[in-house]
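Peer 1: Sequence:
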Amino acid sequence: MERKDKACWNCGNYKAYYTKGFCNFDKLNYGHCKYLNKQVDKHEKCENWKSSYRYRGMRKTVAMRSLDEIFNQIVEIRQILFEEQEESEENSQKDVFLCVQSNCPFRNKESKTENEV
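Here the working numbering is used: the first residue of the sequence shown is 125, the next is one more, and so on.
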């Protein structure tokens, strides 16, 4: 008695065929068997079935590496934005300090005349 999970669609040698839909790709009920080198139905069964676990592990490894690279890029962008924010805060504090002095161009002229009197 053959097990249900030994069907071609769950085999490491099977690659499904797809057709282009309107906004996505639709999986067909047949694909290519690398072992037999022919087109097979996804529900067929054969004695050459092999696990596709290795391929899932490789995909997971590649995904984890990509996520790690993306995380590092996000950290770099965060650092750049943080430094720019600190610089802008320092510049605004310098402007406030300059305006406290009596020769500030941003102070209105009425307040100067009142202080001078």
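Check the hints yourself; a few may be wrong.
Simulated pairs of lysine to aspartate or glutamate, EDC-like, Cα-Cα distance not exceeding 16 angstroms [what the hints assert, rightly or not]:
| hint | residue 1 | residue 2 |
| --- | --- | --- |
| 1 | LYS158 | GLU171 |
| 2 | LYS130 | ASP165 |
| 3 | LYS166 | ASP150 |
Pairwise CB distance ranges (calculated) [unchecked claim]:
| hint | residue 1 | residue 2 | range |
| --- | --- | --- | --- |
| 4 | LEU205 | CYS147 | 20 to 26 angstroms |
| 5 | GLY181 | ILE201 | 39 to 45 angstroms |
| 6 | ALA140 | GLU211 | 49 to 55 angstroms |
| 7 | ASN153 | GLN197 | 37 to 43 angstroms |
| 8 | ALA187 | HIS156 | 22 to 28 angstroms |
| 9 | LEU205 | GLY136 | 20 to 26 angstroms |
| 10 | GLU207 | GLN163 | 56 to 62 angstroms |
| 11 | ILE204 | THR143 | 28 to 34 angstroms |
It should be emphasised that the hints constitute simulated quantities derived from the structure, not laboratory data.
In this text the structure is predicted, and so the values were computed from the model without any measurement.
Positions of the beta carbon are idealized from the N, C-alpha and C atoms, including for glycine.
Peer 1: Each hint needs a verdict: does it hold in this structure or not?
Peer 2: Hints, verified against the model:
Between LYS158 and GLU171 the alpha-carbon distance is near 14 angstroms, which keeps this suggested pair within the 16 angstroms criterion. With a CA separation close to 13 angstroms, the supplied pair LYS130 and ASP165 stays within the 16 angstroms bound. For the suggested pair LYS166 and ASP150, the alpha carbons sit about 14 angstroms apart, so the restraint of at most 16 angstroms is met. Between LEU205 and CYS147 the beta carbon distance is about 35 angstroms. The supplied range of 20 to 26 angstroms is therefore violated.
At about 31 angstroms, the CB distance of GLY181 to ILE201 disagrees with the hint of 39 to 45 angstroms. Between ALA140 and GLU211 the beta carbons are some 53 angstroms apart, a value that agrees with the proposed interval 49 to 55 angstroms. Under the hint 37 to 43 angstroms, the C-beta atoms of ASN153 and GLN197, about 41 angstroms apart, fit the expected range. For the pair ALA187 and HIS156, the beta carbons lie near 24 angstroms from each other, so the given range of 22 to 28 angstroms is met.
Taken as a hint, the range 20 to 26 angstroms is violated for the pair LEU205 and GLY136, whose Cβ atoms sit roughly 45 angstroms apart. In this structure, GLU207 and GLN163 meet the distance hint of 56 to 62 angstroms, their C-beta atoms being roughly 58 angstroms apart. Between ILE204 and THR143, the C-beta spacing of about 44 angstroms breaks the proposed range 28 to 34 angstroms.
Consistency note: the structure conflicts with the earlier hints numbered 4, 5, 9, 11.
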